[in-house]
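Which chain is which? The protein sequence lines are R and A, in order. Residue numbering for the first sequence follows the working numbering, starting at 1 and increasing by one per position. Residue numbering for the second sequence follows the working numbering, starting at 1 and increasing by one per position.
Be aware that one or more of the hints could be misleading.
Example chain A residues on the side facing chain R (calculated, C-beta under 8 Å, incomplete) [as the list claims (entries may be wrong)]:
hint	residue
1	Gln17
2	Cys18
3	Ile21
4	Val42
5	Arg134
6	Arg141
7	Thr155
8	Val158
9	Asp159
10	Asn160
11	Tyr194
12	Leu198
13	Trp243
14	Val260
In silico lysine to any residue, SDA-like type, Cα no more than 25 Å apart, as pairs [as the list claims (entries may be wrong)]:
hint	chain 1	residue 1	chain 2	residue 2
15	R	Lys201	A	Lys201
16	A	Lys201	R	Asp257
17	A	Lys201	R	Gly275
18	A	Lys108	R	Asp257
19	A	Lys64	A	Ser89
Treat the hints as calculated values from the structure; they're not laboratory data. Beta carbons are placed, not taken as given, at the ideal position from N, Cα and C, and that holds for glycine.
There are 2 protein chains.
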Amino acid sequence: MVNTPPDVAADDHLRKQCRRIRGARPTAVNLAWAVDRMDAAVQPVKATAERIAIARQEATAIEKEEIDNCRRIGENGLPLIAEISRRNSGRTVNILTHCNAGWLACVKHGTATAPIYAAHDSGLEVHVWVDETRPLNQGARLTAWELGRHGVPHTVIVDNTGGHLMQHGLVDIVIVGTDRTTFTGDVANKIGTYLKALAAKDNGVPFYVALPSSTFDWTLRDGVREIPIENRNPDEIRTVQGWDNHAPRTVLVPPADSPVANYAFDVTPARLVTGFITERGICGASEKQVRKLFPEKA
Amino acid sequence: MVNTPPDVAADDHLRKQCRRIRGARPTAVNLAWAVDRMDAAVQPVKATAERIAIARQEATAIEKEEIDNCRRIGENGLPLIAEISRRNSGRTVNILTHCNAGWLACVKHGTATAPIYAAHDSGLEVHVWVDETRPLNQGARLTAWELGRHGVPHTVIVDNTGGHLMQHGLVDIVIVGTDRTTFTGDVANKIGTYLKALAAKDNGVPFYVALPSSTFDWTLRDGVREIPIENRNPDEIRTVQGWDNHAPRTVLVPPADSPVANYAFDVTPARLVTGFITERGICGASEKQVRKLFPEKA
Numbered sequence: 001m002v003n004t005p006p007d008v009a010a011d012d013h014l015r016k017q018c019r020r021i022r023g024a025r026p027t028a029v030n031l032a033w034a035v036d037r038m039d040a041a042v043q044p045v046k047a048t049a050e051r052i053a054i055a056r057q058e059a060t061a062i063e064k065e066e067i068d069n070c071r072r073i074g075e076n077g078l079p080l081i082a083e084i085s086r087r088n089s090g091r092t093v094n095i096l097t098h099c100n101a102g103w104l105a106c107v108k109h110g111t112a113t114a115p116i117y118a119a120h121d122s123g124l125e126v127h128v129w130v131d132e133t134r135p136l137n138q139g140a141r142l143t144a145w146e147l148g149r150h151g152v153p154h155t156v157i158v159d160n161t162g163g164h165l166m167q168h169g170l171v172d173i174v175i176v177g178t179d180r181t182t183f184t185g186d187v188a189n190k191i192g193t194y195l196k197a198l199a200a201k202d203n204g205v206p207f208y209v210a211l212p213s214s215t216f217d218w219t220l221r222d223g224v225r226e227i228p229i230e231n232r233n234p235d236e237i238r239t240v241q242g243w244d245n246h247a248p249r250t251v252l253v254p255p256a257d258s259p260v261a262n263y264a265f266d267v268t269p270a271r272l273v274t275g276f277i278t279e280r281g282i283c284g285a286s287e288k289q290v291r292k293l294f295p296e297k298a
Numbered sequence: 001m002v003n004t005p006p007d008v009a010a011d012d013h014l015r016k017q018c019r020r021i022r023g024a025r026p027t028a029v030n031l032a033w034a035v036d037r038m039d040a041a042v043q044p045v046k047a048t049a050e051r052i053a054i055a056r057q058e059a060t061a062i063e064k065e066e067i068d069n070c071r072r073i074g075e076n077g078l079p080l081i082a083e084i085s086r087r088n089s090g091r092t093v094n095i096l097t098h099c100n101a102g103w104l105a106c107v108k109h110g111t112a113t114a115p116i117y118a119a120h121d122s123g124l125e126v127h128v129w130v131d132e133t134r135p136l137n138q139g140a141r142l143t144a145w146e147l148g149r150h151g152v153p154h155t156v157i158v159d160n161t162g163g164h165l166m167q168h169g170l171v172d173i174v175i176v177g178t179d180r181t182t183f184t185g186d187v188a189n190k191i192g193t194y195l196k197a198l199a200a201k202d203n204g205v206p207f208y209v210a211l212p213s214s215t216f217d218w219t220l221r222d223g224v225r226e227i228p229i230e231n232r233n234p235d236e237i238r239t240v241q242g243w244d245n246h247a248p249r250t251v252l253v254p255p256a257d258s259p260v261a262n263y264a265f266d267v268t269p270a271r272l273v274t275g276f277i278t279e280r281g282i283c284g285a286s287e288k289q290v291r292k293l294f295p296e297k298a
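The following block holds chain R by itself, in its conformation from the complex (with noise of 0.2 Å):
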């Protein structure tokens, strides 16, 4: 076994760094979930050698469990986008992500990207119009990344370009991920999603949040109101990181005196989401369908 400090997996060691992973991050739900589930599983347990095997046992079933469920996320989303293609006579199917829902985030095949993934993989046309999701570039630097490395074609916008697109009938489904996911309905995701939603809503574009069921809160019924919204550190607006000559290297934009806020999420209201994509299937957004697909959360 691992040569471990003894205190490693003490009570208290275990309460107090329990506390500081799920305080975090805020608005997400995952990481709250997956260190409640920890804490479960190592509780029963109290010799620090049974505790950190029980510890790497519970953390590879639920990696395990999480790329089957970005698995089936991919296989039950697929079919939106054959049935767009099909009605296109197999013309491209355009999509439209906003940040990183991808393997780089979301362990295999990731959530967002799943169906894209399993698109491309069956022989479809798709191409994927890439936020690039400022303030972090999260789309520019990690979705862009992960499309092409997967051959998926793809172009990166500015996150200003979405409405647009759609005005002009250049996209035909929006698919992101989310944070938290209220049974309501009401979707927490990386700031900027509710304005795609809205311009998805006034075209007539399918919008679609692709998630494991560990990412809804079953506690929470007004998103916009309730789900808390991270604040994070104006230096990521301030600052853009990229490559000079192979070099990474951050430049300044704004006058350096000029005050920032950086909200890092919204909340999309159910009103504008047109459904789930889930490892179960596909429901509306809405609590009755939601618990129809969930019937032991009722």
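Once you have looked at the hints, place chain A on chain R.
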């Protein structure tokens, strides 16, 4: 008089240069409007020295008129902000703007900024949410700088943020500029404006567009379908210009082999626009109301 090569004011040269300058900005109309006006002014005379003198005179007249127009836009927009302040019992009025429609872009006072400067100068408490405005960051680099120099309280945000702010009552009014507005009320402006207009509508926030009458297009009826949208260099998105140790520097953000599309403007349909702030006064975003304010165009 200036020592000029003899053919600068020749008909051929002028025709070619007018065409070149007119074609430089396919979406905006003010440049073409000014070129036509200059062309009309110099046509009646043929001698080089006289043409140059008349050109200078006409350019100075345009400048003076535009400054006067911007000042009147400020005077006409001020009551909108004063009324919100009054309703809020003097609490700070939060104004959101997108891109730069300040004096750096639009001579003195600017257009969208004119009512803001007028309100601030008259002693009203105002605070401006400044969209950074990707890809060229005119908000973060120009508007924030302008407002800061004038002492107007402001906060830079990423373009994704406006919807969240409006959901939470943190925006009292949106004021933007425009590159071309149809007489039917459709507004072409920097890409992303449409998304903010959707969010304003969804949250009952008034959405105003400030413009001198030279920005109206009296020929097109359907702005969304008919206004050409400039497609600019993808490198504007791929790379970000900023400061590194007080030296200007450019960094690359997405993978070098990922395709990028750079649509520079979008069109906000009239139904999302509360009104226009012009040098003549305020009017609603409809053909009827626009023509009422500009009867000579009817």
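Structure-based check of all given hints:
1. Taking 8 Å as the C-beta contact cut-off toward chain R, the hint placing glutamine 17 (chain A) at the interface is violated, the least distance being around 31 Å.
2. A distance limit of 8 Å between C-beta atoms decides the matter here; for cysteine 18 (chain A) the minimum to chain R is near 30 Å, and the interface restraint is violated.
3. Because the beta carbon of isoleucine 21 (chain A) sits about 26 Å from the nearest beta carbon in chain R, more than 8 Å, this interface hint is broken.
4. Violation of the interface hint for valine 42 (chain A) is found here, the shortest Cβ-Cβ separation to chain R being roughly 38 Å, above the 8 Å cut-off.
5. This hint holds: arginine 134 (chain A) has a C-beta 4 Å from the nearest C-beta of chain R, less than the 8 Å allowed.
6. The restraint placing arginine 141 (chain A) at the interface with chain R holds, with a minimum CB-CB distance near 7 Å, inside the 8 Å limit.
7. Because the beta carbon of threonine 155 (chain A) sits about 5 Å from the nearest beta carbon in chain R, less than 8 Å, this interface hint is met.
8. For the restraint placing valine 158 (chain A) at the interface with chain R, the shortest Cβ-Cβ distance is roughly 4 Å, inside the 8 Å limit, so the hint holds.
9. Below 8 Å, beta-carbon pairs count as interface contacts, and aspartate 159 (chain A) has one with chain R at about 5 Å; its hint therefore holds.
10. The interface hint given for asparagine 160 (chain A) holds, since its Cβ lies 3 Å from the closest Cβ of chain R, which is under the 8 Å cut-off.
11. Given hint, tyrosine 194 (chain A) at the interface with chain R, holds; its Cβ is 4 Å from that chain's nearest Cβ, closer than 8 Å.
12. Look at leucine 198 (chain A): its Cβ gets to within about 4 Å of chain R, closer than 8 Å, so that hint holds up.
13. Taking 8 Å as the C-beta contact cut-off toward chain R, the hint placing tryptophan 243 (chain A) at the interface holds, the least distance being around 4 Å.
14. The criterion of a C-beta within 8 Å of any C-beta in chain R is met by valine 260 (chain A), whose closest approach is roughly 5 Å, and the hint holds.
15. Note on lysine 201 (chain R) and lysine 201 (chain A): the hinted pairing holds, with a Cα-Cα distance of about 13 Å set against a maximum of 25 Å.
16. Distance restraint check for lysine 201 (chain A) and aspartate 257 (chain R): the Cα-Cα separation of roughly 32 Å exceeds the 25 Å cut-off, and the hinted pair is therefore not satisfied.
17. Distance restraint check for lysine 201 (chain A) and glycine 275 (chain R): the Cα-Cα separation of roughly 23 Å lies within the 25 Å cut-off, and the hinted pair is therefore satisfied.
18. Annotation: proposed proximity of lysine 108 (chain A) to aspartate 257 (chain R) holds, straight-line Cα distance about 23 Å (limit 25 Å).
19. A distance of roughly 37 Å separates the Cα atoms of lysine 64 (chain A) and serine 89 (chain A); the hinted pair therefore is violated under the 25 Å criterion.
In summary, the structure is inconsistent with hints 1, 2, 3, 4, 16 and 19 from the numbered list given earlier, while agreeing with the others.
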